[in-house]
Amino acid sequence: MLIMVFVSLVERAPDGGVVWGRFTTVAYTQFFYEENLLGEMSFNSDYMQIYLRSILLAGFTVLATFVVGFPTAMYVAMQEPGRRALLIFFLSLPFWVNLLVRNYAWLLLLRANGLLDQALMGLWITSEPLNILYSNTAIAIGLTYSFLPLMVLPIYAAMEKFDFSLVEAAFDLGANRVQVLMHVIIPGVKGGIIAGCLLVFIPGLGSYVTPVLLGGSKSLMIGNLIEAQFAAARNWPFGAALAFVLLLMVVLAALLRALLLRHRQRVAP
Amino acid sequence: MIIALQLYLTEIRLSFLTVQAVSHQYAGTDVKVLNNVVLPIQENEFFTLLGPSGCGKTTLLRVLAGFEVPTQGKVLLDGQDIVRIPPWKRPVNTVFQNYALFPHLSILRNVTFGLKMRGMSRAARHKAAHDALALVRLEAFVDRMPSDLSGGQQQRVALARALACKPRLLLLDEPLSALDYKLRKEMQGELKRIQQETGTTFVFVTHDQEEALAMSDRIAVMQQGRLEQVGPPSDIYDRPATPFVAGFIGDSNLLPAEPGAGGRLYLSGGTDLGVPGAAEAQVMIRPEALKIDTDGPLSGVVNDLVYSGAATRFGVTLNDGSGTVQIQQPSASVSGISIGDLVSVAFDPNQLWVLDR
Amino acid sequence: MKLRTLILATLLSAVAVGGAIAQEADKKVNLFFWPGYIPDELLERFTEETGIAITMDIYDTNEALLAKLQAGATGYDVVIPSGYILPTMIKQGLLQKFDSPDLPNGDKIAPAFADPEFDPGRAYTAPYMWGTTGLVYDSAKTDGELPQSWSVFFEPGPLSGKIAALDDEVEVFNAAAYYLGFDKCTEDPKEGQQILDLLSKQKPDLLLYGSSGTIDRVLAGEVAMHHIWNGAAHRIRNSVETARYIYPKEGITQWADNLSIPSTAEHPENAKIFINFLMDPKNVAEITNFTGYMNAISGSDEFLKPEIAADPAVNMPAEFADRLRPGRECSPAARDLRNKIWTRLKK
Numbered sequence: 001m002l003i004m005v006f007v008s009l010v011e012r013a014p015d016g017g018v019v020w021g022r023f024t025t026v027a028y029t030q031f032f033y034e035e036n037l038l039g040e041m042s043f044n045s046d047y048m049q050i051y052l053r054s055i056l057l058a059g060f061t062v063l064a065t066f067v068v069g070f071p072t073a074m075y076v077a078m079q080e081p082g083r084r085a086l087l088i089f090f091l092s093l094p095f096w097v098n099l100l101v102r103n104y105a106w107l108l109l110l111r112a113n114g115l116l117d118q119a120l121m122g123l124w125i126t127s128e129p130l131n132i133l134y135s136n137t138a139i140a141i142g143l144t145y146s147f148l149p150l151m152v153l154p155i156y157a158a159m160e161k162f163d164f165s166l167v168e169a170a171f172d173l174g175a176n177r178v179q180v181l182m183h184v185i186i187p188g189v190k191g192g193i194i195a196g197c198l199l200v201f202i203p204g205l206g207s208y209v210t211p212v213l214l215g216g217s218k219s220l221m222i223g224n225l226i227e228a229q230f231a232a233a234r235n236w237p238f239g240a241a242l243a244f245v246l247l248l249m250v251v252l253a254a255l256l257r258a259l260l261l262r263h264r265q266r267v268a269p
Numbered sequence: 001m002i003i004a005l006q007l008y009l010t011e012i013r014l015s016f017l018t019v020q021a022v023s024h025q026y027a028g029t030d031v032k033v034l035n036n037v038v039l040p041i042q043e044n045e046f047f048t049l050l051g052p053s054g055c056g057k058t059t060l061l062r063v064l065a066g067f068e069v070p071t072q073g074k075v076l077l078d079g080q081d082i083v084r085i086p087p088w089k090r091p092v093n094t095v096f097q098n099y100a101l102f103p104h105l106s107i108l109r110n111v112t113f114g115l116k117m118r119g120m121s122r123a124a125r126h127k128a129a130h131d132a133l134a135l136v137r138l139e140a141f142v143d144r145m146p147s148d149l150s151g152g153q154q155q156r157v158a159l160a161r162a163l164a165c166k167p168r169l170l171l172l173d174e175p176l177s178a179l180d181y182k183l184r185k186e187m188q189g190e191l192k193r194i195q196q197e198t199g200t201t202f203v204f205v206t207h208d209q210e211e212a213l214a215m216s217d218r219i220a221v222m223q224q225g226r227l228e229q230v231g232p233p234s235d236i237y238d239r240p241a242t243p244f245v246a247g248f249i250g251d252s253n254l255l256p257a258e259p260g261a262g263g264r265l266y267l268s269g270g271t272d273l274g275v276p277g278a279a280e281a282q283v284m285i286r287p288e289a290l291k292i293d294t295d296g297p298l299s300g301v302v303n304d305l306v307y308s309g310a311a312t313r314f315g316v317t318l319n320d321g322s323g324t325v326q327i328q329q330p331s332a333s334v335s336g337i338s339i340g341d342l343v344s345v346a347f348d349p350n351q352l353w354v355l356d357r
Numbered sequence: 001m002k003l004r005t006l007i008l009a010t011l012l013s014a015v016a017v018g019g020a021i022a023q024e025a026d027k028k029v030n031l032f033f034w035p036g037y038i039p040d041e042l043l044e045r046f047t048e049e050t051g052i053a054i055t056m057d058i059y060d061t062n063e064a065l066l067a068k069l070q071a072g073a074t075g076y077d078v079v080i081p082s083g084y085i086l087p088t089m090i091k092q093g094l095l096q097k098f099d100s101p102d103l104p105n106g107d108k109i110a111p112a113f114a115d116p117e118f119d120p121g122r123a124y125t126a127p128y129m130w131g132t133t134g135l136v137y138d139s140a141k142t143d144g145e146l147p148q149s150w151s152v153f154f155e156p157g158p159l160s161g162k163i164a165a166l167d168d169e170v171e172v173f174n175a176a177a178y179y180l181g182f183d184k185c186t187e188d189p190k191e192g193q194q195i196l197d198l199l200s201k202q203k204p205d206l207l208l209y210g211s212s213g214t215i216d217r218v219l220a221g222e223v224a225m226h227h228i229w230n231g232a233a234h235r236i237r238n239s240v241e242t243a244r245y246i247y248p249k250e251g252i253t254q255w256a257d258n259l260s261i262p263s264t265a266e267h268p269e270n271a272k273i274f275i276n277f278l279m280d281p282k283n284v285a286e287i288t289n290f291t292g293y294m295n296a297i298s299g300s301d302e303f304l305k306p307e308i309a310a311d312p313a314v315n316m317p318a319e320f321a322d323r324l325r326p327g328r329e330c331s332p333a334a335r336d337l338r339n340k341i342w343t344r345l346k347k
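Chains as they are written, first to last, in the working numbering: chain A, 1 to 269; chain B, 1 to 357; chain C, 1 to 347.
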């Protein structure tokens with residue numbers, strides 16, 4: 001990491017690589033500004049838009065995996081112990097398969113006249129291909145699927161330790177099912193939920209396989225952008241600077257988690 | 001059951017809570033956890049369900065709370081069947097055996113929980129909580145967390161939490177079983193006091209018969225899903241309806257007797273018991289109703305002696321073959337007697353209770 | 001008499017081999033290659049004939065190779081850089097001089113490829129495969145034959161939504177530059193803006209940008225037209241008879257891969273033997289048959305498979321020679337402009 005910070009602050013060599021020993025912060029200013037025709041610096045929002053998109057995409061994935069994963073974790077936690085182990089095994093099975101292979105599986109399913117279309121058209125539910133592939137929907141499906149185990153497992157672990165007699169007590173006191181969920185269960189497994197969110201958000205920020213394969217590479221993610229700097233653009237300092245900004249975002253996310261957990265210890269009446 | 005059916009039916013018509021022919025078995029099993037239970041419970045009553053583990057008392061409590069729907073039968077509250085009403089809609093609250101306080105909420109928030117769920121305003125529910133905590137004498141602990149409190153204190157918070165909702169019926173599931181002896185005795189008194197102060201109907205579950213006798217207005221003794229006897233403590237203790245109740249409550253001596261001359265019952269050794277009876281029966285007599293005396297109709301050999309301060313207990317094997325009896329007497333009157341002595345035993349016929357065989 | 005015969009025989013064989021390369025004691029050569037770019041049978045035959053064992057590592061882009069050599073990697077004897085990156089590598093001293101025309105098969109290099117701009121006189125390289133990046137389409141899915149122009153790519157008309165571009169900054173930019181008549185290494189921001197406008201206008205017509213699974217995509221019918229390398233186009237034509245390859249009249253990028261020896265190579269002599277082996281017409285024809293790309297060695301025609309020789313995608317018709325635009329390395333300013341346009345296109 002120190003090397004990365006160092007590289008981000010040195011001068012760029014014309015044909016790739018760096019000129020060790022000549023320091024400059026031009027890589028960081030490049031993030032915000034560019035030189036226009038008249039040699040002036042003008043604000044350039046391209047890179048920030050790319051970062052924003054990656055953040056939004058990662059955020060959406062957190063939401064989607066939570067909506068699907070929380071009920072799943074709760075369902076599994078309420079089964080008897082033997083069945084629980086089996087269900088958890090099946091849930092984590094996709095993880096044993098390489099990410100690329102999993103994404104390709106979705107490609108085959110979602111492409112026009114792929115398996116999904118054939119099934120739907122064969123059952124006379126649709127008459128034309130759905131054209132899901134290479135759209136934001138396909139990216140969303142791919143990301144949710146890939147990251148689901150990372151949300152389910154921490155929540156499940158927290159639920160296993162959760163005392164479900166508290167649920168009965170809450171019912172008894174007059175809370176209906178929705179209230180019990182909001183006021184007893186979710187606060188009770190808060191640690192697991194936060195862990196799950198982080199485990200999905202942080203790698204999600206860097207994800208670029210799914211947007212490229214299932215999204216048709218129509219938008220750049222942070223990962224693609226950084227890779228390009230070390231490849232076609234041959235701008236190592238800028239690539240390092242981009243990576244450093246990404247690192248800062250990750251650290252911020254982790255700090256947020258620590259803050260949330262600490263606050264939980266003293267809830268004012 | 002010896003209790004007259006007419007009496008029961010009258011009670012049912014007038015009572016505030018009636019358990020009507022409730023039976024329950026768990027899905028996929030044949031065993032009836034509750035077998036045709038009929039129970040009228042009065043308002044403002046301290047009613048206890050008593051029995052050994054597995055007798056169904058906790059299941060019955062859960063039926064009243066709404067956590068189990070019985071396979072048969074009804075539960076009428078003010079004449080309305082509440083069996084299918086979910087727990088959160090019933091005017092019934094429970095004090096759980098393990099307290100079940102919400103660990104992430106302060107004591108105040110725990111106590112106001114039920115009121116908050118029902119939409120009470122902040123000021124109103126804080127007042128209600130303070131009142132409830134005052135009742136259990138824990139006002140000073142409002143801002144603490146449950147983990148800061150001892151077991152007994154947590155128990156009182158659980159009680160306050162349930163009472164704050166002003167339920168028509170309060171259910172207590174062996175709430176004192178985790179406490180030490182002294183604290184238990186103290187809490188028994190507290191519970192009784194609170195019940196009388198608030199006028200709430202309590203249904204209390206325990207396996208400890210001493211506790212039941214000390215606190216209850218009425219007791220229902222259960223065994224294997226059936227009611228053995230329902231009545232005030234004195235009835236249960238002095239006039240047990242079945243051998244099970246006789247054996248379960250207090251200590252008792254059960255002696256076999258046969259009818260004989262004059263239509264009275266005689267022990268196997270021929271001693272006239274002085275009570276009428278036409279059929280073979282078991283006669284129950286409490287240890288404190290027997291006396292080691294200079295002159296008594298029975299005699300036997302002391303085989304056991306336990307001194308416990310005010311009283312001493314003896315085990316005496318009767319010479320007429322009726323068996324061994326437990327005798328409890330003030331220590332002062334029996335000093336000098338030791339194991340192996342031949343003694344004579346007297347009894348008061350008025351304190352005998354006849355049970356069918 | 002016997003001793004003299006022996007000495008004579010040794011001298012004679014030395015003369016016969018004359019100009020041959022001395023072998024090293026360590027009979028190994030390490031290749032650093034692109035994946036799927038050389039048939040295994042050929043490698044096995046090399047080891048059989050020369051007794052030199054081959055190990056191969058793979059990489060996927062020229063930039064990756066450049067970065068590795070710049071970082072000082074050792075242990076590679078033969079690498080396979082594309083033309084446009086060679087000036088940089090030569091300037092930085094990453095490759096060693098071995099003068100391929102002086103090797104035994106050096107005279108077999110086809111004249112058109114004997115003196116490339118990126119390595120005058122072939123001092124540091126021997127030619128490997130060369131190809132073009134054009135367009136492939138299925139004529140069964142279009143209204144007959146399409147014109148030989150980039151216009152079908154940038155103004156697809158009825159094919160909108162059924163075409164794909166390569167996910168390659170350089171190739172996409174080049175196509176736009178040729179179509180607009182600009183130098184593909186332009187440093188002019190105004191020209192850059194026009195290129196960006198053209199590409200932005202095209203973007204909604206594209207189903208996707210993708211460099212992998214191109215063949216599969218066309219065969220599955222997902223797209224009717226794909227921006228593609230000619231070797232892949234050839235493989236498509238093997239399965240789809242109605243597939244056609246376009247050499248656009250505005251210009252088509254010609255790239256050339258070459259064999260080179262890093263300056264840090266541990267077995268440079270074995271490397272030369274290997275490179276020489278690959279300049280033999282029969283051997284190089286095997287590679288062409290395998291990859292579907294044309295080679296730069298004279299006399300290999302007779303060894304080519306008929307379908308390769310007959311496929312215009314591989315065996316370029318002579319009349320299209322003036323459309324070829326050899327790949328060049330652009331100046332840092334031009335590269336920056338291009339990268340900025342690509343970022344902005346995809347943001």
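Just so you know, these hints were derived from the structure itself, not from any lab. Where is the CB? At the ideal position from N, CA and C, for every residue including glycine. Be aware that a few hints might be false.
To be verified - Now the in silico label distances, taken between C-beta atoms and shown as ranges: (1) E160(A) x R144(B): 23 to 31 Å; (2) A124(B) x E160(A): 33 to 41 Å; (3) A119(A) x N36(B): 39 to 47 Å.
Said to hold, decoys possible - Below, in silico cross-link-like pairs of lysine-lysine (DSS-like), each with a Cα-Cα straight-line distance of 27 Å or less: (4) K203(C) x K190(C); (5) K190(A) x K116(B); (6) K340(C) x K218(A); (7) K218(A) x K201(C); (8) K108(C) x K97(C); (9) K97(C) x K28(C); (10) K340(C) x K201(C); (11) K218(A) x K97(C); (12) K184(C) x K282(C); (13) K201(C) x K184(C); (14) K340(C) x K108(C); (15) K108(C) x K28(C); (16) K74(B) x K89(B); (17) K305(C) x K282(C); (18) K218(A) x K203(C); (19) K218(A) x K28(C); (20) K108(C) x K305(C); (21) K203(C) x K28(C); (22) K166(B) x K74(B); (23) K347(C) x K218(A); (24) K141(C) x K218(A); (25) K190(C) x K141(C); (26) K184(C) x K141(C).
Report the numbers of all earlier hints that the structure fails to satisfy, in ascending order. Those not satisfied are hints 3, 11, 12, 14, 19, 21, 25, 26.
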